[in-house]
Amino acid sequence: MPEGSAALQLQVGDRVVYPNQGVCRVAAIDVKEVAGQSLTFVTMRREEDGAVVMVPQGKIISIGVRKVASPSDVEEIYSFLRSDSDKADLDWKQRARTNLDRMTQGGILGLAEVVKGLQVLSELRPLPTKERELYDNARHLLVSEVAAALGTAEANAEDSIDIVLFPPGKERPKRTAAEFARPGGDEDDMDLDGDLMGLEGGELDLPSDEEPQAESESEEESSEEGAEEEGGEESSEDAPKKRGRPPKAKPAEGEGGEPAAPKKRGRPPKPKPEGVAAEGAEPAAPKKRGRPPKARPPEGAAPAEPAAPKKRGRPPKAKPAEDE
Amino acid sequence: MIRVVTLDPFDDKQLAKFNRTLYTAFGVGSEHSGSAEVPAGMSEPLDAEKLLEEVKGIRAYKDDKVLLLTSRKLKDRDLPSGKAPTSGFARYGKDRAVLSIAPFKDLEKDFKPIARHALHQLGTLWELHHCLDPRCSMYPPWTPSFNQGDHIFCTFCREKSEQKIRLAKS
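Chains as they are written, first to last, in this note's numbering: chain G, 284 to 607; chain B, -17 to 152.
Everything labelled a hint here was simulated from the structure, so no lab data went into it.
All C-beta atoms, glycine included, are put in the ideal place defined by N, C-alpha and C.
The reader is advised that the hints may include incorrect statements.
[Stated by the list, open to error] A few chain G residues that face chain B, going by a derived Cβ cut-off under 7 Å, partial list only:
#, residue
1, Arg422
2, Asp442
3, Ser443
4, Val447
5, Phe449
6, Glu454
7, Ala461
8, Phe463
[To be verified] Examples of chain B residues toward chain G, derived with CB under 10 Å:
#, residue
9, Ala66
10, Thr68
11, Arg73
12, Glu109
13, Tyr121
14, Ile134
15, Thr137
16, Arg140
17, Lys142
[Claimed, not checked] Computed cross-link-like contacts, DSSO-like style, restricted to lysine-lysine with a CA-CA straight-line distance of at most 27 Å:
#, chain 1, residue 1, chain 2, residue 2
18, B, Lys146, G, Lys413
19, G, Lys457, B, Lys65
20, G, Lys453, B, Lys91
21, G, Lys453, B, Lys(-5)
22, B, Lys146, B, Lys44
23, G, Lys453, B, Lys65
24, B, Lys87, G, Lys453
25, G, Lys453, B, Lys44
26, B, Lys146, G, Lys453
27, B, Lys32, B, Lys76
28, G, Lys376, G, Lys457
Looking at chain B on its own, in the form it has when it is part of the complex (with noise of 0.2 Å):
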C-alpha cells in the first residue's frame, strides 16, 4: 500500500488524480493518508534525510510505502563526487520518501513531471536502481531530459518492482 501523507494543503481532487497515477504504475493501492508537521526548527530548504527521520505521528503497516509531498524546497546533498539536485529523497530498501514540488508551479500544471519524480523515489523504495533508458522513471532526475517524460517504467524496472512487490512480506 502506498501511504501518502502531505507535510502543505494541497487541492484534494489532485492529490485523488495523483494516487490513481501511483496505483497504475505499481498496481498497489495508494490513497491519501492525512497530512503531518514539519518538525519545529527545520526551515526551509529542508534537510531530506532528516526531515525522513523526524517527522511523528504516521501510521502504516510493515510493507507500506510512506510518500511525504511537501511545496517546500529540499537542501542539495553534499556527495563525496559533488553536490545533488534533490527534489526528492528515499531510503533505498526502506519505507519513507519525500517529494518537494517546489521546482514545479503546481500539481495541476505540472502534474506528469511530479508524477514521474514520485514514480522515482517510490521505485527506490522498492529497491530499484537508476536506469539506462531515458524513457523510464528510474533514470536519474537531474538530467535535462528527465522532466519531459512520460511517468512510466521500463520493462526491466516494471518488472523488478512487480517482483519485490509479490515478495512483499504481508
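Next comes chain G alone, as it looks inside the complex (with noise of 0.2 Å):
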C-alpha cells in the first residue's frame, strides 16, 4: 500500500500525486449515476499540462493516489540520496519488475530509490535506452513532487536533488561489478558474464565433426608423428576413450634435444636438389624468362649472307613462257 493513503481525506484544492502521473489537484468531487448506480468520482487535474481525470473514490487507495510529501520527507530522500546504500540489481529482469512496483506503489522515497539505483548502474556501464527513459520519467516525477512539497521552482528542485547526486567538485566514481555483487553469493546464472558459466575455450569439448578447420590441416601435416602415437594408445584400450583430439606427444625431456622449433603455416618450401649445396658448385643461373635466344652459328663458318627481305603483298603473277 503506498505511502499516506490509509487515511486519505480529499477536499477540493488539495494537491495530490497520482502514480506515474506527477502532481494534481483535486478540481471537483461530485456524485454521477452511472449505470444505474450513483458513484463519487474525485475529478484530478494535472498541474503540469491541465489534464483532467476523474477516479471513483473508492478505487483512490487503490490505484496509489496519495498526498503531496511533506518537507520532511523530502529531508528524508536527501539524506537517502545522499548515502551509498543503494545497489542496483545487475539482473535486468529483476530490476525493470522492482523499478515498476517503486513506480507505482513507492512513494516519494520508491521515485528516489528508481533515481539513485539507476544513477549507480550508469557508474558501471550506460544504461540502456529503456532504462535511460525510465530514469528520465523517475527523476521528472521526483523533481515535480520535491517542487511541489518545498514551494520551489522545479529548477531550484532539481538543483537540490543534483547537488547531493553528483557533489560540485568531484566527478562521479567508477563502479565495478563485484561492488553490485549480492553478499549472500547467489547471483543468477543468467547474467552470463566472466566465463559463461565456468565453460572455459580450452576445454569446450566439441564433436570431432564440428571441429575447426585449422584444426584438421594442422593435423594432416602431423600425420607421421600421429602414426606412432596411435600404436602407443592402441595398446592402453582399457582406459576410457576420450572425445575430440588426442593430445600429442610432448618431446621426452631426458634426450637433451632442442625443442622442435613451432611449425610453419602454410605450404612447405620445396625440396632443394640434392647435391647442390654438398659440391660447392655455383649455383645455376636464374631462369630467365621469354622467349629463348636464338642458336648462333658456330665460329668458324663463313657468315652467310644474309636472307633477302621478304616482300610484302601480294606475289608477282607467273610470267608466261616465251617460247610458245
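Both chains come to you apart, so use the hints to assemble them.
Here it is in C-alpha cells:
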C-alpha cells in the first residue's frame, strides 16, 4: 500500500500525486450516476499540462493516489540520496520488476530509489534506452513532487537533488561489477559474464565433425608423428576413450634434444635439389623468362649472306613462257 | 526561435558565432535581439531568479526562448540541500534563461564552455532534465569536467529536445 494513503480524506483544492502521472490538484468531488449506480467521483487536474482524470472515490487508495510529500519527507529523501547504500540489481529482469513496483506504489521514496539505483548503475555502464527513459520519468516525477513539497521552482528542486547526487567539485566514481554483487553470493546464472558459466574456451568439448578447419590442417601435417602415437594408444585400450583430438606427445626431456621449432603455417618449402650444396658448385643461374635466344652459328663457319627481306603483299604473277 | 538579449556590451562577430552554434544545436533560428538594462537597484552578484522576473523591454513571440547574456556575476543559490554554484539559471519549461560569462575570460577565448552552458540553460527551457552522460551538455554544470566538454547533446537529450520543439504550439 502506498505511503500516506491509509486514511486519505480529499477535499477540493488538495494537491495529490497520481502514480506515474505526477502532481495533480483535486478539482471537484461530485456524485454521478453510471449504469444505474450513483458513484462519487474525484476529478483531478494535472498541474503540468491540465489533463483531467476522474476516479471513483472507492478506487483512490487501490490506484495509489497519495498526498504530496511533506518537507520532512524531502529531507529524508536527501539523506537517502546522500548515502552510498543502494546498489542496483544486475539482473535486468528483476531490476525492471522492482523499479515498476517502486514507480507505482513506492511513494516519493520509491521514486528516489529508482533514480538513485539507475544513477549508480550508470556509473558501471551506460543505461540502455528503456532504462534511460525510466530514469528520466522517475526524475521528472521526483523533481515535480519535491518542487510541490517545498514550494519552489522545479529548476531549484532539480538542482537541490543533483547537488546531493553530483556533489560540486567531485567527479562521479567508477563502479565495478564486484560492488554490485549480493552479499549471499547467490548471483543469478543468467548474467553470463566472466567465463560464460564456467565453460572455458580450452575445455569446450566439440564433436569431432565440428572441429575447426585450421585444426584439421595442422593435424594432416603431423600425420607422421601421429602414426607412432596411434600405436601407443592402441596398447591402452582399457582406458576410457576421450573424445576429440588426442593430445600431442611431448618430446622427452631426458633426451636433451633441442625443442622443436614451432611449425610454420602455410605451404611447405620445396625440396632443394640434392647434392648441389654438397658439391660446392656455383648456384645455377636463374632462368630467364621470355623467348629463348636464337642459336648462334659456330665461329669457324663463313658468315652466310643475309637472306633477302621478304616482300610484303601479293606474290607476283608467273610470267608466261616466251617459247609459246 | 532563440533570442539572445545582451545585458552588457559584446562583440557582434562573437555574438553571430554564438547564434550559429545555438542554431546548429537545436535546429531552430537564433538571433541577437538587442539589449536590455539590468533593473535598477540590482547589484553584483545578481540574483538570477529576480533578474528573470524583473528585466523589462524584451519582445518575443509565444514559444520563443529568450537567453539573457551578461558578463556580471550571478549569486549562488541557497537550496535545501546546499549551495548551488550558479553560472546560469533557467525556469523549467518556461521562456527565459540567464547566462553569465563571468567565470570565463571572454566570449572569444572561452567560447566552448560558454556555448555548453548556453545549451544547458536552453535545454532546461525545453524541459530537459540533467543527464547522466558526462559528454552531454545537460550534465550538471558544477561538475569539474563540464567545462572541458563539447557543446553537444547526447542522443537521448537531442531527440527529446527535437520532440519538444516539434510539439511547440507555434
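Hints, one by one, checked against the model:
1. Arg422: holds (5 Å)
2. Asp442: Check passed: Cβ of G/Asp442 comes within 5 Å of chain B, closer than 7 Å.
3. Ser443: G/Ser443 check passes; min Cβ-Cβ to chain B is 4 Å, inside 7 Å.
4. Val447: holds (5 Å)
5. Phe449: holds (4 Å)
6. Glu454: holds (6 Å)
7. Ala461: violated (21 Å)
8. Phe463: Violated, about 17 Å.
9. Ala66: This interface hint holds because 5 Å falls under the 10 Å limit.
10. Thr68: Constraint on B/Thr68 satisfied, holds at 9 Å.
11. Arg73: The hint holds - B/Arg73 has a Cβ within 10 Å of chain G, the shortest such distance being about 6 Å.
12. Glu109: holds (9 Å)
13. Tyr121: Where the cut-off is 10 Å and the nearest Cβ of chain G is about 8 Å from B/Tyr121, the hint holds.
14. Ile134: Cβ of B/Ile134 sits 16 Å from chain G, so the hint is violated.
15. Thr137: Holds - the Cβ of B/Thr137 comes within 10 Å of chain G, reaching about 9 Å at its closest.
16. Arg140: violated (13 Å)
17. Lys142: Holds, about 8 Å.
18. B/Lys146 with G/Lys413: Holds - the C-alpha atoms of G/Lys413 and B/Lys146 are around 19 Å apart, at most 27 Å.
19. G/Lys457 with B/Lys65: Satisfied, since the Cα-Cα distance of roughly 25 Å is no more than 27 Å.
20. G/Lys453 with B/Lys91: Holds, because 25 Å separates the two Cα atoms, which is no more than 27 Å.
21. G/Lys453 with B/Lys(-5): violated (36 Å)
22. B/Lys146 with B/Lys44: holds (14 Å)
23. G/Lys453 with B/Lys65: Measuring from Cα to Cα gives roughly 15 Å; hence the hint holds.
24. B/Lys87 with G/Lys453: Between B/Lys87 and G/Lys453 the Cα gap is close to 23 Å, so the pair holds against 27 Å.
25. G/Lys453 with B/Lys44: Violated, at roughly 39 Å.
26. B/Lys146 with G/Lys453: Roughly 32 Å between the alpha carbons, so the hint for B/Lys146 and G/Lys453 is violated.
27. B/Lys32 with B/Lys76: holds (15 Å)
28. G/Lys376 with G/Lys457: holds (24 Å)
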